[in-house]
Amino acid sequence: MMFIKSFFKVAVLASPIVIGLTLPTSAQSLPAPINGVSFEEWAAANARMANNMDKAEVERILGVTDTQFQEVGDGFTKEWKAAPDPSGTFAKAYGEAFANPNGGRFAATPMDPHPTEKLASFEDYARVQGHLQAAVKFGIDPQTVLREHGLTTYEFSQEATRWVKKMTGDANNGDTQVIMHLHDRLAFYEAEYSKRYAKP
1 MMFIKSFFKV
11 AVLASPIVIG
21 LTLPTSAQSL
31 PAPINGVSFE
41 EWAAANARMA
51 NNMDKAEVER
61 ILGVTDTQFQ
71 EVGDGFTKEW
81 KAAPDPSGTF
91 AKAYGEAFAN
101 PNGGRFAATP
111 MDPHPTEKLA
121 SFEDYARVQG
131 HLQAAVKFGI
141 DPQTVLREHG
151 LTTYEFSQEA
161 TRWVKKMTGD
171 ANNGDTQVIM
181 HLHDRLAFYE
191 AEYSKRYAKP
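Using the numbering used here, the first residue of the sequence shown is number 1, and each one after it goes up by one.
Possibly wrong hints are sitting among the right ones.
In silico lysine-lysine, DSBU-like type, Cα no more than 30 Å apart, as pairs [stated by the list, open to error]:
{"id": "1", "residue 1": "LYS118", "residue 2": "LYS78"}
{"id": "2", "residue 1": "LYS137", "residue 2": "LYS195"}
{"id": "3", "residue 1": "LYS92", "residue 2": "LYS118"}
{"id": "4", "residue 1": "LYS137", "residue 2": "LYS92"}
It is worth saying that the hints were derived from the structure and are not from the lab.
Please model the entire structure based on the sequences and the hints provided.
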C-alpha cells in the first residue's frame, strides 16, 4: 500500500490535464514476472486494494504469500525507478491496468472498472481535486481527503480520468475557455481548503 500512497501523492501534484493525455511508449519492455506475478497483475492488484479489496484476498488470487507479494512490489518499484523513461512504458502499462483491473488471474473475479459516478458535475471534481492539492501542500494524507468525500483512491482515479478526458477533448476542439475555467475553479477550492490547514 505504500507504493499506492506515494504514486497517488505524485499524481495529485501533477497538472490534472496531464492525466488525460496519452503517454508515450518507449522501446523499453516491461520486467519479467516476479514470483509468478506480472507487472500488469501487480498494477491490477494495487487498483483492487485501492478500492478496498482485502490484501489477503488479492494474495490468494495471485497465489502468493504476504512476503512474496512484498517482494513483487519492491521488485517492480525498483525497476520502475531505474527505468530510463519511467513516465513512458511503465506508467502507461500501470495506468491501463489500474484503470481496468480485470487482467491476468483477476479475470476470474471481475470488478466493475467504471464505478458509480460520484463526481456528477465538473464542480464536484474541482472541489475534490482542489482539496487534494491543498492537503498535499500541507502534508495531509490524500487518503484522508478522499474518505471525507466518500471516495476510494480507485474511484477518484476513474472519476478524475473521466473529467480530464472530457476537458481535454473540449480544449482540443477549440474550447480554450475550459482550461481557464478549470484553473480558476481548482485555484478557488485549493485556496478555500488551504485556509482550513493553515496554522493560525
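Verification of the hints:
no., hint, verdict
1, LYS118 with LYS78, "34 Å, violated"
2, LYS137 with LYS195, "12 Å, holds"
3, LYS92 with LYS118, "25 Å, holds"
4, LYS137 with LYS92, "26 Å, holds"
Hint compliance for this structure: hint 1 alone is broken.
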